[in-house]
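Enquirer: For the protein sequence lines, the chains are Y and Z, in the order given.
If you use the numbering used here, the first sequence corresponds to residues 23 to 138, in order.
If you use the numbering used here, the second sequence corresponds to residues 5 to 116, in order.
Treat the hints with care, as some may be off.
SDA-like cross-link-like pairs, simulated, lysine to any residue; straight-line CA separation at most 25 Å [to be verified]:
| no. | chain 1 | residue 1 | chain 2 | residue 2 |
| --- | --- | --- | --- | --- |
| 1 | Z | Lys-42 | Y | Pro-30 |
| 2 | Y | Lys-62 | Z | Asp-59 |
| 3 | Z | Lys-103 | Y | Met-37 |
| 4 | Z | Lys-42 | Y | Glu-25 |
Calculated from the structure, these hints are not laboratory results.
This structure is a prediction, so every number in the text was calculated from the model and none was measured.
The lines below spell out each chain.
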Amino acid sequence: DTEVTQTPKHLVMGMTNKKSLKCEQHMGHRAMYWYKQKAKKPPELMFVYSYEKLSINESVPSRFSPECPNSSLLNLHLHALQPEDSALYLCASSQAQTINRHYGYTFGSGTRLTVV
Amino acid sequence: DQQVKQNSPSLSVQEGRISILNCDYTNSMFDYFLWYKKYPAEGPTFLISISSIKDKNEDGRFTVFLNKSAKHLSLHIVPSQPGDSAVYFCAAVDSGTYKYIFGTGTRLKVLA
Numbered sequence: 023d024t025e026v027t028q029t030p031k032h033l034v035m036g037m038t039n040k041k042s043l044k045c046e047q048h049m050g051h052r053a054m055y056w057y058k059q060k061a062k063k064p065p066e067l068m069f070v071y072s073y074e075k076l077s078i079n080e081s082v083p084s085r086f087s088p089e090c091p092n093s094s095l096l097n098l099h100l101h102a103l104q105p106e107d108s109a110l111y112l113c114a115s116s117q118a119q120t121i122n123r124h125y126g127y128t129f130g131s132g133t134r135l136t137v138v
Numbered sequence: 005d006q007q008v009k010q011n012s013p014s015l016s017v018q019e020g021r022i023s024i025l026n027c028d029y030t031n032s033m034f035d036y037f038l039w040y041k042k043y044p045a046e047g048p049t050f051l052i053s054i055s056s057i058k059d060k061n062e063d064g065r066f067t068v069f070l071n072k073s074a075k076h077l078s079l080h081i082v083p084s085q086p087g088d089s090a091v092y093f094c095a096a097v098d099s100g101t102y103k104y105i106f107g108t109g110t111r112l113k114v115l116a
């Protein structure tokens, strides 16, 4: 299995809803990432988990809450989002996240989120 | 402040010819560079990478060139095929934080 699987593929939610995005990989990767991509913009890093511990939070608003229940799963819990949070949310994984050793990421197909 | 720039938002190339995609960066702490390809409705796919200690890396039809003094890298695709039509992102890795910084992307269209 060489894939990162994201569910759901599309999500429409109201500003008062609570929803979760899910990401799963079975490649034994120990680093997992959440990126946000707006139209015609590059992916922007949100969170990094390394060995199931949050290692980077790019000053993301608290209405986004990541969770890494185990080494294969990564969730992004959403609550009280704004319309400007509508974007493609990409999950990625890599073998490791260590200085001087860089590996290409494997990305999922993303969740297209629309906040109404 | 965009630290990684791809100044050409789009590029059209005839099938069989060379495609050259360019990327410029500003941060001298970047020490590793990668190219990703993205089809619609799919996540980016890792294509090829290069370390700052090299100036060229080749993998089949894809070659990446790095000019450190100019802070410029390019991706050459030879020969270009219609299936190469996609958005190409360059990414740079900050050696201090090992975070990836993506460029804005170039949409390549290979005409049959």
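Enquirer: State for each hint whether it applies.
Expert: For each hint, the structure was consulted:
For the suggested pair Lys-42(Z) and Pro-30(Y), the alpha carbons sit about 19 Å apart, so the restraint of at most 25 Å is met. For the given pair, Lys-62(Y) sits about 29 Å from Asp-59(Z) by alpha-carbon distance, which is inconsistent with the 25 Å threshold. Restraint check for Lys-103(Z) and Met-37(Y): the C-alpha separation of about 31 Å exceeds 25 Å, so the hint is violated. Distance check on the hinted pair: Lys-42(Z) and Glu-25(Y) sit about 15 Å apart at the alpha-carbon level, within 25 Å; holds.
Hints 2 and 3 from the list above are not met by this structure, while the remaining hints are.
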